[in-house]
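Here the protein sequences line up with chains C and P, keeping their order.
So for the first sequence, the UniProt record's numbering puts the first residue at 1; every next one is plus one.
So for the second sequence, the UniProt record's numbering puts the first residue at 1; every next one is plus one.
Hint data in this document are derived by calculation from the structure and do not stem from the laboratory.
Be aware that one or more of the hints could be misleading.
Here are the computed lysine to aspartate or glutamate pairs in the EDC-like style, where the Cα-Cα straight-line distance is at most 20 Å [said to hold, decoys possible]:
#1 P/Lys157 with C/Asp40
#2 C/Lys150 with C/Asp42
#3 P/Lys39 with C/Asp40
#4 P/Lys126 with P/Asp99
#5 P/Lys119 with P/Asp99
#6 P/Lys157 with C/Asp20
#7 C/Lys297 with C/Asp412
#8 C/Lys303 with C/Glu411
#9 P/Lys39 with C/Asp42
#10 P/Lys39 with C/Glu411
#11 P/Lys63 with C/Asp42
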Amino acid sequence: MSDRLPGFSTLAVHAGAQPDPTTGARATPIYQTTSFVFNDADHAASLFGLQAFGNIYTRIGNPTNAVLEERVAALEGGTAALAVASGHAAQVVILQQLLQPGDEFIAARKLYGGSINQFTHAFKSFGWNVVWADPDDIASFERAVTPRTKAIFIESIANPAGSITDIEAVSTVARKAGVPLIVDNTLASPYLIRPIDHGADIVVHSLTKFLGGHGNSLGGIIVDAGTFDWSTGGKYPMLSEPRPEYHGIRLQETFGNFAFAIACRVLGLRDLGPALSPFNAFMILTGIETLPLRMQKHCDNAKAVAEFLAGHPAVASVSYAGLPSDKYNQLARKYAPKGAGAVFTFSLKGGYDAGVNLVSKLQLFSHLANVGDTRSLVIHPASTTHSQLDDAAKVKSGAGPDVVRLSIGIEDKEDLIADLEQALGA
Amino acid sequence: MNHDAYPDNYIRGILNSVKSIAMVGASPVNVRPSYFAFKYLAQRGYDMIPVNPGHVGKELLGKPFVASLSDIGRPVDMIDIFRNSSHIMPVVEEALTLDPLPKVIWMQLGARDDAAAAKAESVGIKVVMNRCPKIEYGRLSSEISWMGVNSRTLSSKRAPAPTQGMRLSLNRMSVGGGDTAASDRAAKNKTGQS
C-alpha cells in the first residue's frame, strides 16, 4: 500500500486489469455484449445522466475496452483514455471536441499519409481547416497561429522517415497560443517516448501498430493528459459550457482533469459511433503485455538494418534517427534514448525502378500498407500510402519517388539483413 | 501537506476513517455535481448531512437540510465544501468553532483557498483541496475504471462485484501520484501556487 512507483513493464502487464469479480478469471475476459442490465429505474437514470459509475451500452463503454483504456492511460502517464475503432476515428473524435465549423488547427507537414488525406479532404468538409507547418522549423508553427486556431497536431516519431519532432519546442508554441498540443505517438509507443512528459495535452495512437503489435487488430486510443484548462475564454464550449444532451452538465466542472476523455466518450464516441470491438481490445491488451520486450527488439533490429543499408553500395541514403550521422540524431538521443523506433526510409541509387525491383525480390519482408507488426514490412510510399499527394507534397513529407519505407519486425536481424542483401545484390 | 499532489495513502486514510460527512452547498437539483456526489457517498455507506440555508425544511435523499454547520448538533468527521474558492474562508472559520472539531475539511474540485487550509491545518485538521471525494473513492476502489480513468492503482486480488450500498476496499497497491504529475503541475500553475 506504499506509494511506490511500479515500472513500465509492470504497468504494461497489470494496469487496469484485475481478476474478474464474478468468475475469478485472471486474463481479462472478452465482454462480448452490446448492453448491460440496470439495477432499477433510478440506477438507469443515474448512469444516463453521467452521475454513477457503470456500464450502459458498448458504444459508450465496455469492461474489456476499459481495461485497455486504463492500461494505455497508465503507460502514457495520462489521467484517462478512450479506445475507439481506429487511429483515424480517434482523430475525428478529438477534433470534434475542439473545433467548430470555420475553426483551424495547425498540423506538422510530416505525417502519416492517411492523416494528411483525412485533414486535407474529410475534415475540410466538416469546416475544420488544417494549416500546415514544418516540424523542422518551429517558427512556422508560431506564424500559423490565428485567433481561430484551436489545436496543434504533431507526430512524435514522424511517418514515413522516422524523423523526431521537438515536442517541447512545439509545446511552448501551443502554450503561448493557449491551445492544446495533440501528439500522435503511434510510431514511438510510450515505451520509447511519453509525450505528456514533454508537454503534450492529448496523446493519440493507432493501436493497430506497435501497441497491438501483431498486425491482427485495428484500434485507436485517445489519452487525456489532464493538463489543459478548458474553461478559459469560452474557446472550448464542448467542455466548458452546459451540455444540453446531459441536462446542463459542464464536463470540466464535473470531471476535472479527465474531462476531455469524458467529452470524447459521451459527446464523441456516443454520437459518432466508432466503437472498438471488445475482441479487438482483448487482442491489443495481450499485445501490450509484451510491448517493452518487443519494442526494444524492434529498435535494436532497426538500428542493425539501418547500419547495414548505410554501408551498402546500392543505397543512396538512409533516414534513421538512430544513426549518429542522421540530422535527427540529437533529438533522438533526447526524446527516445532507448531507440529511435523501427520505421524508417532509405533511397536507392537506382531510383524508382530499383525500389520496385527490391520490393519484388524480398523474401522475408512483406509488401503491405502497415507498420508496427512482429513481421518486417516494406512499402513504396510514393505509389501507396502517400500516393494521393502531389509530387511536391510527397517530397516535403519525406515520400519522394526513390524512397522505400521499412518497418522492422522482431525476427533475427541476421535474417533480415541477408534478405535485403540478396534483394539489393542481384 | 503539499496540496498540489496528495499521496494516495493520505486520501485513502481519510476516506477509510471518516464516517459522517457534512456537505456544505449540497443541492437538491439532481444534475448538480453536489447532488450526485452526495448520493454516491451515501450509497457507499457514509452518514451524509446536507448543509444549505436555502433548503431548510426539505430533505435530500431522506436527510433533512440544516442551515449551517453549527445547526448540525452532533460531531461530524468531515466537512465537504461545495462552494467556489472565494466562499471557502467563512465556512472554514465556522468549522473551527465546532466542538469537537472536524477531522477533515475537503474542498471540491476547482475550489482552493491556501490561507483557509493553513488555518485549519494549524489546529490539526487534515485538508484536501481541488478534489472530489466521489472521484477519489471511485479511483482508489477502481470503480471509476469503467470509464477509462487511470486509477493509478493495481491489484491482483479478486474484488467483489460492487452492489448498491456496499463499502469497497480502497486498499489497492498505489502507482503513486507520479504518473499524473503533469496534471498536478498544470493545476499548480493555474492557481499560481509555487
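Do the hints match the structure? See the list:
Pair hint lysine 157 of chain P plus aspartate 40 of chain C does not hold up; C-alpha atoms about 29 Å apart against a cutoff of 20 Å. Only pairs whose Cα atoms come within 20 Å are accepted, and lysine 150 of chain C paired with aspartate 42 of chain C is rejected, the gap being roughly 39 Å. This hinted pair checks out: lysine 39 of chain P and aspartate 40 of chain C have alpha carbons roughly 15 Å apart, not beyond 20 Å. Between the alpha carbons of lysine 126 of chain P and aspartate 99 of chain P the distance comes to roughly 16 Å, so the proposed pair stays at or under 20 Å and holds.
A threshold of 20 Å between alpha carbons decides the hint, and for lysine 119 of chain P with aspartate 99 of chain P the separation of about 16 Å falls inside it, so the pair holds. Distance hint between lysine 157 of chain P and aspartate 20 of chain C is fulfilled; the C-alpha atoms sit about 9 Å from each other, no more than 20 Å. The hinted pair formed by lysine 297 of chain C and aspartate 412 of chain C meets the criterion: a straight-line CA distance of about 9 Å does not exceed 20 Å. In summary, the hint linking lysine 303 of chain C to glutamate 411 of chain C is supported, as the alpha carbons are separated by about 13 Å, within the 20 Å threshold.
This hinted pair checks out: lysine 39 of chain P and aspartate 42 of chain C have alpha carbons roughly 12 Å apart, not beyond 20 Å. With a C-alpha separation of about 55 Å, the suggested pairing of lysine 39 of chain P with glutamate 411 of chain C is violated against the 20 Å cut-off. The straight-line distance between the Cα atoms of lysine 63 of chain P and aspartate 42 of chain C is roughly 18 Å, inside the 20 Å bound, and the hint therefore holds.
Violated hints for the displayed structure, listed by number in ascending order: 1, 2 and 10.
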